[in-house]
Amino acid sequence: MSIIPLYFAIPLITAFAIPLLGKISKTLVWIVATVVSFVLFILALYGIALTQETSMIVYRMGNWPPPLGIVMAFDSFSAFMVLVISIIVFSGCFFSLRYIGHFTGQWKFYTLYMLITAGMMGIAITGDLFNMFVFLEIAAISSYCLVAFGVDAEELEASFKYMVMGEIGGLTFLLAIALLYAKTSTLNLADISNTISSIGMTPFFWTILGMLLFAFSIKAALVPFHTWLPDAHPAAPAPVSSLLSGIFIKVLGIYTTARIVFNIFGLNRANAPVFFNILIGIGLLSIAWAGLSALNQKDYKRLLGYSTVSQIGYIMVGFGIGNYYGVAGAIFYILAHALGKGLLFLTSGSVVHRTGTRDLDKLAGLGEAMSTTAWSYRFGALSLIGLPPLVGFFAKLFIVLGAIKAGLLWLAIIAIGLSVLTLSYLLKIENSVFMKKGKMADIKKAPFSMRIAMVFLVILVLLTGLGFQTLMDFLIGPAANALLRGVEYAQLVFGSFSLNF
Amino acid sequence: MTIFVFCIALFLIGLYAIVTKRNLIKIIIGFALIEYSVNLLFALIGFRRGALAPIITKVHSAHNFVDPIPQALVLTAIVIALGTTAVMLAIALRIYERYKTFDIAKIKKLKG
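Chains as they are written, first to last, in this note's numbering: chain C, 1 to 501; chain A, 1 to 112.
Source of the hints: derived by calculation from the structure; they are not laboratory data. Hints may contain errors.
To be verified - 27 Å max Cα-Cα, derived DSSO-like pairs, lysine-lysine: (1) C:161 to A:58; (2) A:21 to C:298; (3) C:298 to A:109; (4) A:109 to C:362; (5) C:161 to A:26.
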C-alpha cells in the first residue's frame, strides 16, 4: 500500500464529509479540518523520509502501467511542495477558528479549504498532464469561491476579475494540452518528455511552451499578468489570503512551470539560453514593477498583495539562472516566502479581526496593544527582507550565489539592490501600524488560536533559518537535483517497465 | 491543419469577446465560446475518417479505430467548464444585486 494517493485523497474525502458534520457542530468541523491538515503534515514528513531512499516513487492508478494509465510521480521536488503546502494549510486552518466566527455557513469555508488543499496536493504529485489540469481547476474554482466568501461588493468584484484572468490561463493550458496531444498522442508527462527528446524542440513545441508559460504566468501573477492578485488576495478571508499568497500561486504557477520546463521539455541554460533569459527578465520586471506599486498602497493587505507579486519575481529569477545554486535558491525562496508571507497575512488577519479596518492611515499604536502580532510581523518581514539568520536570507543568498556562478554579476547586484524595495514597503506597515504612537479604542490581544498559528510560523521561520544546512542536505538539495536531472525524469518514471506499441 | 486553424480562430473570437465586451454576461458567453473551441479541437484530434468505434472484438482487428482518449477528455473538460460557468454566473448575479448593473465600467469599487 503506497501512501502517495493519500495526499489528495484525504483532503478530498474530508471536503465531502464536512457538509455532513457541519449539521452537528461548528467546532467539530474545525477540529476535523485541523486534525486532517496535521495528519497531512505528518504524512509529508514521512514522504520526505521516503524520498531519501528512492529518488522517485511511482504510483499507478488502478495498476495500469504508464503510459496507459494515470501515474503519480513523487520525487524530492514533489515531496518538498507537499511539505510546504501542508505547513501553510495547517497554520491557516488553526487560525480560522476565530477569524471565520462572524461568517455564516462556516462548514462551506472548510469544504472549500479542503478542496483547495486536495487540488494543490494533486498538482504537486501527479505525473499526467490532463490530471494536472483537473487538479488545477479543482484548486482554482475553490479559490474563486473563497475569494468571494464574504459576498461584499468589493469581494465579488475581485473574485470576478480573478476568475476572468484565471480562466483565460486555465483554458490556454487546456488548449496547449490538446495541441500537445495531437502531436505526441500521449498525456503522460514522462512519455511526452521521451517523445520531445526523440523529435527535438521544433517550432511547434516552442509555441506550446509559450502558451504554457503564458497560462502559468497568469496563475503565478507575474507582471504583466498580475493585475488580479492585488484585488483578489486581499479580498479573501485572512487565512485564505495566507494560503493563496503563501503557496497557491507557487503550486499553480511556479511548480508547474519548473516541472514542465526542466523535466518535460528538458531545457536548461546550456540548450536554451534565450528562454532562461526571458524568465530572468519577467522576474526582474515583476520585482521592480510590483515593488514600486507596493510603495504607494494605503491598505495593509493590498500592500502585501503587491509584495507577493514582487517576491514571486525572485523565484522566477532563481529558476532563470538555471544552475544548481540558482534553482536551489528558488526552491529555498518558495519555502521562505511561503512561511514569511503566510505569516504576514495572518498578522493582517488578527489586526483586521480586532480593529475592523485595514487602512494604514487609521491603524496606529498596535505595537503594544497586540505585541504577539507585532513581533510575528517583525519576524516575517525581516525574513522576507533577508536578515540573517532567518530563512529569507539563505534563500536570497543562494540566488545571488547562483547569479555569480553563472557569470551574471549585474544580476546579483540588481537582485540585492531591489531588496531595498522590499525593505521600504514592509517598513511602511511597521511604521504606521505598530510603531506609530496613537490610541485606538480598547484593542485587545489577538485570540489565543490566532496567536498559536502565528507563533508556529515564527518558530518555523527561525528553525529553518538556523538549520539551513540540514534543510539543504535533506530537502532543498535533492529537490533541486530532481529538477536539474532533466529528462532523466522519464526513465525514472518508467523504471523497469517497457511497453512497445 | 485546417482544424487547428478554425478551432484557434474560434478560441480567439471568444478571447476577443472577453477582452472587449463590457457586459458581464457577454464575457461569460466569451468563455463558453473558448470552451467549445477547445472541446471541438479535442474531438477532432481523435477523429479518423472511415474508422470504427474503439471496441475490440474477434471480428474487428485492432487497427483503424477512432482514438477514444480525446472523447474521455472532452467529457471531463465539459464538466469542469460547467462548474466554472456556474460559479461565474452565480457571482455575476450577486454582483448585479450589489451594483444593480452588469456593466464592468460601472463596477469599480476597487482602486488601482
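For each hint, the structure was consulted:
| no. | hint | verdict |
| --- | --- | --- |
| 1 | C:161 to A:58 | 55 Å, violated |
| 2 | A:21 to C:298 | 31 Å, violated |
| 3 | C:298 to A:109 | 15 Å, holds |
| 4 | A:109 to C:362 | 20 Å, holds |
| 5 | C:161 to A:26 | 14 Å, holds |
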